[in-house]
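K.L.:
Residue numbers (the numbering used here), protein chains in the order written: chain A, 322 to 668; chain B, 7 to 277; chain C, 10 to 290.
Keep in mind the hints are simulated off the structure, nothing from the lab.
Glycine included, each C-beta is placed from N, C-alpha and C at the ideal position.
Accuracy of the hints is not assured; some may be wrong.
[Stated by the list, open to error] Sample of chain A residues at the chain B side, in silico, Cβ under 10 Å:
1. Asp366
2. Phe369
3. Val376
4. Lys397
5. Pro402
6. Phe562
7. Tyr614
8. Leu617
[What the hints assert, rightly or not] Computed cross-link-like contacts, DSBU-like style, restricted to lysine-lysine with a CA-CA straight-line distance of at most 30 Å:
9. A:Lys637 to C:Lys209
10. C:Lys11 to C:Lys22
11. C:Lys48 to A:Lys537
12. A:Lys637 to C:Lys278
13. A:Lys401 to B:Lys30
14. A:Lys397 to B:Lys86
15. A:Lys654 to C:Lys42
16. A:Lys507 to A:Lys343
17. A:Lys385 to A:Lys397
18. A:Lys385 to C:Lys209
19. C:Lys102 to A:Lys572
20. C:Lys147 to C:Lys11
21. A:Lys652 to C:Lys48
22. C:Lys48 to A:Lys397
23. B:Lys15 to A:Lys445
24. B:Lys203 to B:Lys113
25. B:Lys145 to B:Lys86
26. A:Lys598 to C:Lys120
27. A:Lys355 to C:Lys48
28. B:Lys15 to C:Lys202
29. B:Lys207 to B:Lys115
30. B:Lys15 to A:Lys401
31. C:Lys146 to C:Lys16
32. A:Lys436 to A:Lys355
33. B:Lys15 to A:Lys436
34. B:Lys15 to B:Lys115
35. A:Lys355 to C:Lys209
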Amino acid sequence: MNKWYKMKHADMQKFVSALTEKWEVWVPYRIDGKWEFGIYDTGRDLDFPESVIHVSLKNLFFPKRRPIATYDENSKWSLKPVEPEGKPRIVIGLHPCDVAGIEYMDKVFLQSEHKDVMYASERKRTVLIGMLCSEMADNCHCTDRGLTPDATRGMDAAFARITDGYLLKGLTDKGKQVLRSEYLKKVDEVPDKKDWPAGRYVIASPEEFMEMYDDKIWHEMSDICLTCGICTYACPTCVCFLVTDENFKGKGERVTVWDSCQLQSYSRMAGGHNTRKTPASRVRNRTLDKFAYSHLRYGQISCTGCGRCVMVCPLKRSFPQLGARLTERIKDKKKGKSKSGARSKEA
Amino acid sequence: MAAIELVPKPVTIKRIIEESRDVKSYVLQMSGSGKMPARPGQFVEVSVQGYGEATFAVTRISKDNQEFNISVKRIGHLTKMLHRAAPGDIIGVRGPYGNSFPVDEWKGKDIVVIGGGIGLAPLRPVIDYVLEHRKDYGKLEIVFGARAPDDILYKEDLRIWEDDKGISLYKTIDVPFEGWSGRVGVVPIVVKDLALKPDGKISIVCGPPIMIKFTAAALRELRWPNDKIFTTLEMKMQCGIGQCGRCNIGEKFICKDGPVFSLDQIPEHAL
Amino acid sequence: MKEMRKKIEELLKNGEIDVALGYRENPATGEVKADVFRKDETLDDMVFDERCVQNLVNYLPTLVARYKKVGIVLKGCDGRSLVTQLVEHRINKSQIVALGIGCEGVRLDGKEADKCGDCATNMTPIVDYEFGEKKQKKDPVFSKVKEIERMSPAERWKFFADYFARCERCYACRQICPSCYCEICVADQQEPKWIEPSAKLSANTMWHLIRAYHLAGRCADCGECERVCPQEIPMRLLNNALEKAVHELFGVRPGTVPEEVPPLVVLNKEDPDTILEGKNE
Chain A
322 MNKWYKMKHA DMQKFVSALT EKWEVWVPYR IDGKWEFGIY DTGRDLDFPE SVIHVSLKNL
382 FFPKRRPIAT YDENSKWSLK PVEPEGKPRI VIGLHPCDVA GIEYMDKVFL QSEHKDVMYA
442 SERKRTVLIG MLCSEMADNC HCTDRGLTPD ATRGMDAAFA RITDGYLLKG LTDKGKQVLR
502 SEYLKKVDEV PDKKDWPAGR YVIASPEEFM EMYDDKIWHE MSDICLTCGI CTYACPTCVC
562 FLVTDENFKG KGERVTVWDS CQLQSYSRMA GGHNTRKTPA SRVRNRTLDK FAYSHLRYGQ
622 ISCTGCGRCV MVCPLKRSFP QLGARLTERI KDKKKGKSKS GARSKEA
Chain B
7 MAAIELVPKP VTIKRIIEES RDVKSYVLQM SGSGKMPARP GQFVEVSVQG YGEATFAVTR
67 ISKDNQEFNI SVKRIGHLTK MLHRAAPGDI IGVRGPYGNS FPVDEWKGKD IVVIGGGIGL
127 APLRPVIDYV LEHRKDYGKL EIVFGARAPD DILYKEDLRI WEDDKGISLY KTIDVPFEGW
187 SGRVGVVPIV VKDLALKPDG KISIVCGPPI MIKFTAAALR ELRWPNDKIF TTLEMKMQCG
247 IGQCGRCNIG EKFICKDGPV FSLDQIPEHA L
Chain C
10 MKEMRKKIEE LLKNGEIDVA LGYRENPATG EVKADVFRKD ETLDDMVFDE RCVQNLVNYL
70 PTLVARYKKV GIVLKGCDGR SLVTQLVEHR INKSQIVALG IGCEGVRLDG KEADKCGDCA
130 TNMTPIVDYE FGEKKQKKDP VFSKVKEIER MSPAERWKFF ADYFARCERC YACRQICPSC
190 YCEICVADQQ EPKWIEPSAK LSANTMWHLI RAYHLAGRCA DCGECERVCP QEIPMRLLNN
250 ALEKAVHELF GVRPGTVPEE VPPLVVLNKE DPDTILEGKN E
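I would like the entire structure built from these sequences, with the hints used as guidance.
P.N.:
Okay, structure coming up:
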């Protein structure tokens, strides 16, 4: 199945409804103007955004709060691991930046000496049917991060919206199997190729970022950051967590909970010593982690250009804007060496 | 399906040793045929059910790997619960994690062990190892500092090391104390006074962050190169397996790439 | 505004202040943001109008640590939150020069900000130089709180629980609040662990209630917590409910009187509560 298949607009709903018999199907919903993935209720209207979905998929694979073991509070030791469960599921409508986020999480949780088996099980039970973006939203900058809005890499199947319906294509065995449906007709059409704009938030290389560790710019940048944690929760590649025990009415759970390097409590150790006490040190950690450490660790910078950190920032100071500003500083430092390339839009 | 690595396994507290006014050591026995094959410098995550977990260096390992020790200073909520535990109680443990001191690469060298307070804990397995393989190593020198006589740990070991002719032991306390006739002065000063030479030697340093920092400075002043000074950065860790994110020094994770580093492997600000 | 700009220029020039904290307009986007103004620049892009929503007091502690003397442009509500900072000795008055401006109300999301409805003073109570028109104080109405009070307990719980469930515990509300400055926040304490760290309804509820209680009698209703909340949780409702209680019990509106210690921080025999006389059984 190397060709694209066509499906009529009205058939998409029937197709997805049919899938719910065997699968748990996740689709984007618009709630109060914000797009978010949810489990599909048969018969509900289906729609897909042209571009990035506001809430990332991170929660589906690595939940905000994830019980990993249970125990009886009244015993001294009765800790039992939580067995991963859940029926096979399909996520329909994710975008290339979401795939990049999942690829990064795979590196953290799967390419590890101690593989996270709960994450692995969530990955294994999920078929990814991606949607090619038809436009770039206000904060999108994946083209500055080596991605293309209409690329299909990492998806099991992909689809694109066209005027009178959708074009679909299976990419892996799993994906092809899901697309076996009476609603699909073979066609010669292919999705339009577009020239995607770039240059919104161009950043320096990981090596150049590493040289900025001692720069005074961190103090300037932290002045305009609250160091709240919302950008890290919104980020598809921020997967820091804490492990804690929570007791409720005699039942105890050991859980992993999303944590954020932007919060003071993150690096505070028992006894009170805190290695990242100042906002500047926390902003530096996050910035360098996104643009440099991640690359040195896994060979992939952990910014996918999805722009979600911009959407959620309470101060509307965008994180990529900080990255771009830092890049300007790097250029200033090396003045004379290189002429400025694409300038950031807002910096 | 195998359980997620983050879920600990039960161990029994076999014996508790009161080391000092706020430090207790625990001899822990693995259940069933479980083993704890920890190498010197490795650490474990210890859980008290209902109170979470924390990182502790393994401070002694039995030959059959079925028993191991940890030393616990009472500073937070989990350590408080551990201090309330009694022999026979079951707690959780996972590990061993992290790299270890490259003791095999040090063969033929003199070993200088420099510990400050509870910082001696992760270094004791190195001393044990060297004493066990004596003929493979040169001289063993131990500098150990505590705040006050009450804070001195491993008193029994210290007595044995003191009597051992092959070991030079320098005990010190930070400030003068009634009834203390020994050496007085903080570890970095003592190191300087002893004028320890780097030739044919390896030094390993652990203690509070400020002590590590100034001891490293003292050693450098004595012309020790960075690659001959080792430390173990027992800090910030939580998951122990390089996933939770918080123990990073630049791109490195203390729990995965460390906790043992020679000073040429880490930037200055990490100390 | 012109006069104020002139005054600030003068203060900067003759060294009476090292920097001035004010609002700067980005001419390209029309956006107005808090910023620091220095001696070597013209103040052409300094503005004060209905777009100046931010409470500048939150930036003061960083600046007074860095400079000897800081000028600050203050609306009424910001000035009231400054009173709390001074009373609690977080900031020393000798380090600041207060430039008060008669606020005509600010706009949020295209309409007048809700907080302006019950504004206690349009002019800051702490003021060295006064500009614009000072308006008469009026009594608060607390109309939204009263609406909530009319609900049955079950309705009220549902109303808030729906919001609390959405909280992500990003702590933007805490980070932006000038009065939330504990060295170790109650939400981060490990021993005892008052609030569990995970974002679930029970823990979120604890967080929001404790946060509000800690601000009772101290919160001057600058509204920043609600403005920055990414989940749009109506935190001002909780703050206002406690503000209303404090007003009814003690006749106090937080921050309106310089040097007045918040009522819940002092013990006073005239307090309406009978606990001191042992009459509570």
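K.L.:
Would you mind marking each hint as holding or not holding in the structure?
P.N.:
Going down the list of hints, with the structure as the test:
1. Taking 10 Å as the C-beta contact cut-off toward chain B, the hint placing Asp366 of chain A at the interface is violated, the least distance being around 38 Å.
2. About 33 Å separates the beta-carbon of Phe369 of chain A from the nearest beta-carbon of chain B, more than 10 Å, and the hint is not met.
3. Among the interface hints, the one on Val376 of chain A is violated; its C-beta lies about 21 Å from the nearest C-beta in chain B, farther than the 10 Å criterion.
4. A cut of 10 Å between beta carbons decides the hint on Lys397 of chain A: the least distance to chain B is about 6 Å, and the hint holds.
5. Taking 10 Å as the C-beta cut-off, the interface hint given for Pro402 of chain A holds, the closest approach to chain B being about 4 Å.
6. Evaluation of the Phe562 of chain A hint against chain B yields a held restraint, the C-beta minimum of about 5 Å falling below 10 Å.
7. Below 10 Å, beta-carbon pairs count as interface contacts, and Tyr614 of chain A has one with chain B at about 4 Å; its hint therefore holds.
8. Hint status for Leu617 of chain A: holds, given a least beta-carbon distance of 4 Å to chain B, under 10 Å.
9. Pair hint Lys637 of chain A plus Lys209 of chain C holds up; C-alpha atoms about 26 Å apart against a cutoff of 30 Å.
10. As the CA atoms of Lys11 of chain C and Lys22 of chain C are separated by approximately 16 Å, the hinted pair is consistent with the 30 Å bound.
11. Restraint check: the Cα-Cα separation between Lys48 of chain C and Lys537 of chain A comes to about 21 Å, which is no more than 30 Å; the hinted pair holds.
12. Distance restraint check for Lys637 of chain A and Lys278 of chain C: the Cα-Cα separation of roughly 47 Å exceeds the 30 Å cut-off, and the hinted pair is therefore not satisfied.
13. The straight-line distance between the Cα atoms of Lys401 of chain A and Lys30 of chain B is roughly 28 Å, inside the 30 Å bound, and the hint therefore holds.
14. Restraint check: the Cα-Cα separation between Lys397 of chain A and Lys86 of chain B comes to about 16 Å, which is no more than 30 Å; the hinted pair holds.
15. Distance hint between Lys654 of chain A and Lys42 of chain C is fulfilled; the C-alpha atoms sit about 27 Å from each other, no more than 30 Å.
16. Simply put, Lys507 of chain A and Lys343 of chain A have alpha-carbon atoms about 24 Å apart, close enough for the 30 Å limit, and the pair holds.
17. Straight-line distance between C-alpha atoms of Lys385 of chain A and Lys397 of chain A comes to about 27 Å, which keeps the hinted pair within the 30 Å bound.
18. Our distance criterion of 30 Å between C-alpha atoms is met by Lys385 of chain A and Lys209 of chain C, whose separation comes to about 9 Å.
19. Using a Cα cut-off of 30 Å, the hinted pair Lys102 of chain C and Lys572 of chain A is violated, with the two alpha carbons roughly 52 Å apart.
20. Distance hint between Lys147 of chain C and Lys11 of chain C is fulfilled; the C-alpha atoms sit about 28 Å from each other, no more than 30 Å.
21. Using a Cα cut-off of 30 Å, the hinted pair Lys652 of chain A and Lys48 of chain C holds, with the two alpha carbons roughly 27 Å apart.
22. Under the criterion of a C-alpha separation no larger than 30 Å, the hint pairing Lys48 of chain C with Lys397 of chain A is inconsistent with the structure, at around 66 Å.
23. Simply put, Lys15 of chain B and Lys445 of chain A have alpha-carbon atoms about 26 Å apart, close enough for the 30 Å limit, and the pair holds.
24. Taking the CA atoms of Lys203 of chain B and Lys113 of chain B, the gap is about 18 Å. The hint holds against a cut of 30 Å.
25. A hinted pair counts as satisfied when its Cα atoms are at most 30 Å apart, and Lys145 of chain B with Lys86 of chain B does not qualify at roughly 39 Å.
26. Distance check on the hinted pair: Lys598 of chain A and Lys120 of chain C sit about 38 Å apart at the alpha-carbon level, beyond 30 Å; violated.
27. At most 30 Å may separate the alpha-carbon atoms for a hinted pair to count; Lys355 of chain A and Lys48 of chain C exceed this at roughly 44 Å.
28. Between Lys15 of chain B and Lys202 of chain C the CA atoms are separated by roughly 25 Å; this keeps the pair inside 30 Å, and the hint holds.
29. Taken as a hint, the Lys207 of chain B and Lys115 of chain B pair is honoured in the structure, with Cα atoms around 5 Å apart against an allowance of 30 Å.
30. In summary, the hint linking Lys15 of chain B to Lys401 of chain A is supported, as the alpha carbons are separated by about 9 Å, within the 30 Å threshold.
31. Pair hint Lys146 of chain C plus Lys16 of chain C holds up; C-alpha atoms about 27 Å apart against a cutoff of 30 Å.
32. As the CA atoms of Lys436 of chain A and Lys355 of chain A are separated by approximately 34 Å, the hinted pair breaks the 30 Å bound.
33. Pair hint Lys15 of chain B plus Lys436 of chain A holds up; C-alpha atoms about 17 Å apart against a cutoff of 30 Å.
34. Using a Cα cut-off of 30 Å, the hinted pair Lys15 of chain B and Lys115 of chain B is violated, with the two alpha carbons roughly 38 Å apart.
35. Under the criterion of a C-alpha separation no larger than 30 Å, the hint pairing Lys355 of chain A with Lys209 of chain C is consistent with the structure, at around 21 Å.
The earlier numbered hints that this structure contradicts are 1, 2, 3, 12, 19, 22, 25, 26, 27, 32, 34.
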